Every structure is written in structure tokens, then in C-alpha cells.
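J.: Listed here are the chains, written in short residue letters.
2 protein chains.
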Amino acid sequence: MDFSIRAANVEDCKDIARMTMELSEYEKVADQVKVTQRDLEQDGFSKNPFFHGIVAEVPEQHKTKDGHTKIGYALYFYSYSSILGRSVYMEDLYVMPDFRGKGIGKALMSKVAQLGLAAGCNQLNFTVLDWNKKSLDFYFSQGSVDVTASTGYHCMRCDGEALQRLAQP
Amino acid sequence: MDFSIRAANVEDCKDIARMTMELSEYEKVADQVKVTQRDLEQDGFSKNPFFHGIVAEVPEQHKTKDGHTKIGYALYFYSYSSILGRSVYMEDLYVMPDFRGKGIGKALMSKVAQLGLAAGCNQLNFTVLDWNKKSLDFYFSQGSVDVTASTGYHCMRCDGEALQRLAQP
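Chains as they are written, first to last, in this note's numbering: chain A, 299 to 467; chain B, 299 to 467.
Some hints here could point you the wrong way.
No distinction is drawn between identical chains; accordingly, a pair holds when it is met within one copy or between any pair of copies.
[Unchecked claim] For lysine-lysine, the following DSBU-like pairs were computed, each having C-alpha atoms within a straight-line distance of at most 35 Å:
(1) K432 with K404
(2) K326 with K432
(3) K312 with K345
(4) K404 with K332
(5) K431 with K404
(6) K326 with K404
(7) K368 with K326
(8) K326 with K409
(9) K332 with K361
(10) K326 with K431
Don't read these hints as lab results, they were simulated from the structure.
Treat the numbers as computed from the prediction; the structure is a model and nothing was measured.
Please model the complete structure; the sequences and the hints are all you need to start from.
T.: Here it is in C-alpha cells:
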């Protein structure tokens, strides 16, 4: 199937918000989603954006029954490791179910890798849920390693009231 | 003990590189360190920096036997969660051994939290090695949660030849 991948722009935020919700349902965290289309517009497409995005599109004749032609996306941002240096972090990688198995996810991830290398990054980082066997297998097939399993790195978070308390001098 | 915390500038990179090496030795990854003082200068202090930093300093009379007054630091950058929105990521938090137990680490982390909240972030993220019990206890005492343990998020990485291959169209 024909598809194209391009940089996301502010007009894509409605579709990205829709797909983010689909992804969060798949990941069973839909009840935690706070990010709206408006947040994506502000946070990704103003000065000093918090993330960048790419979208995968199919031609009109392959649109979904709901009329969607934007059927996949990835969000990413630049980050840093004091050990390895410049890094790119892939926050989301999503392809709508009917369009999987056609190389679209691989093409999106490849594009993030290209953009990262072009910016001088030495590594591409991301997180995956340990029960998400299909995604893990896909990522392993692309040469990724699970550094939580191999090295023992755990993801930590401070938010809500704990973050407010922590910030008090 | 008196100490102060301030934004890092390019002149601090020599000390940050020294302390990054000390931290990597503590984390048993010193053999993997590729980042030099020059990298830190370029990556953190040019246009569109990959990270920001803060340093902790003590007065001259408390300097180390090697003459250092910069005795701790944290690196951080802004990131994004498509679920929770704007985030700040703390890449490193380090205080030299002789200066621990005096609230300096807590003050550095608190500063990162303050900066994150001021930028509209809802969460502070970081990673920790699972065998680093002392650090884990410190972070738990500040209200942080281990989302690898609670939710199953694993840190994944693609680098080296795998990253080059992935980027090929």
C-alpha cells in the first residue's frame, strides 16, 4: 500500500489527538490522558516546542471507513545522556490497526532515526510496556535492546502533589 | 554547610565533565563514557541546547582537598508525554561523596522541580539503576514512584550499527 511520511504541522493535531487516545486505550491508560488537541497545538507548534511529530498518510482511496487518511504518527524530542551524548527520544509510535503489517511503523521509526542521526544523536531511546509482546518483538527485530532488563535502569516519576512539595524551597 | 545553587554556564563544563566521570564510576559505566568537556560546551551552551544544567557550589573555605568548590550538579531537559503533557527529565543528579547528607541533592532536585513547574510541566521523570538502593530510597522519600515496577515501563535503546541500519530508507 502507498503511504507517505512527513513532518507534522499544527493542522495535524486533531488527528494526532485522536490517535493518541486510540494508543492510550490500547495501552490501557486512557483514563489518565490529560492532553487535548489544544495542548498538542500549543506544546508542539509554538516557539521552543516540547516535541516534534511526523505523520503517516494514505491516499484518499485507502481512507478508513470514518474518512481518515492520517493513520499513523510518531512524536519525538531531543534529549541527552551524560554518558553517550546527544539522543533522540521517541515518545509515541502508532499505526491504526487496519494499517499494520505494511511497514508503516518501521518507516516512521526509521524517519525518527534519520532525524536523530542528522542532529548528531548517538542513540534512540523510548519506553515500552513489558506486557506489550508484539511491540517488544518489533523493536527487538529493529536491533533495539531492553536496557531495563540488561542494565537495570528503572523509570521514575514525581508528579502531582509530590512534585509541588518537592519544588518548595 | 553553606551552599548555593545556580544555573550552569559554559565555564562550568570542566567541573561537570569531572563530576560526570565520578558519577559514571559510581554507576560502573565509566568505560562507556563518550562525552567530553568540549561536548558539554557544544551540546549544552549553543543555540537549541540539548540540555540545561544547574551546579551546587560551596564557599572557598569548604573547598575539597583538590581545590574544587563546584561539588554537585544536575542536568535536565524538557520532554513530553502524550498522556500527561509537558515534562521535565532529570538526566543526572550528583553530589560529591564528602558533601552528601547535607541537603544538597535535595536542593538540586527541588530546583529542577521548580524550573519544570514554572515551564508548565506536570511531571519530573528520571531513571535510576535498580541496585542503587541509596538513590532509590532518597527518591522514594521525595514522593517519586518507580513506574517500571508499578506499570511495567521498560527503557529501550537503539544505537550504534542498529541505529544506522534503522535509519536506512
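J.: Each of the hints needs a verdict: does it hold here or not?
T.: Comparing the hints with the structure gives:
Taking identical chains as interchangeable, the C-alpha atoms of K432 and K404 lie at most 35 Å apart only when both belong to the same chain, with a minimum of 13 Å there against 40 Å between chains. With identical chains, the CA atoms of K326 and K432 are at most 35 Å apart both within one copy (15 Å) and between copies (32 Å). For a Cα distance limit of 35 Å, the shortest separation of K312 from K345 qualifies both inside one copy, at 20 Å, and across copies, at 31 Å. Proximity of K404 and K332 under a CA criterion of 35 Å is satisfied in both settings, with 28 Å inside one chain copy and 29 Å between copies.
In this assembly of identical chains, the alpha carbons of K431 and K404 lie at most 35 Å apart only when taken from the same copy (16 Å versus 38 Å across copies). For the homomeric pair K326 and K404, the shortest alpha-carbon distances inside one copy (23 Å) and between copies (34 Å) are both at most 35 Å. In the homo-oligomer, the alpha carbons of K368 and K326 lie at most 35 Å apart inside one protomer (23 Å), although the nearest pairing across protomers, at 45 Å, exceeds that limit. Within a single copy, K326 and K409 get their C-alpha atoms as close as 27 Å, and across copies as close as 33 Å, so both meet the 35 Å cut-off.
Taking the shortest Cα distances, K332 and K361 sit within 35 Å of each other inside one copy (28 Å), while across copies they are farther apart (46 Å). Within a single copy, K326 and K431 get their C-alpha atoms as close as 15 Å, and across copies as close as 30 Å, so both meet the 35 Å cut-off.
No hint from the list above goes unmet by this structure.
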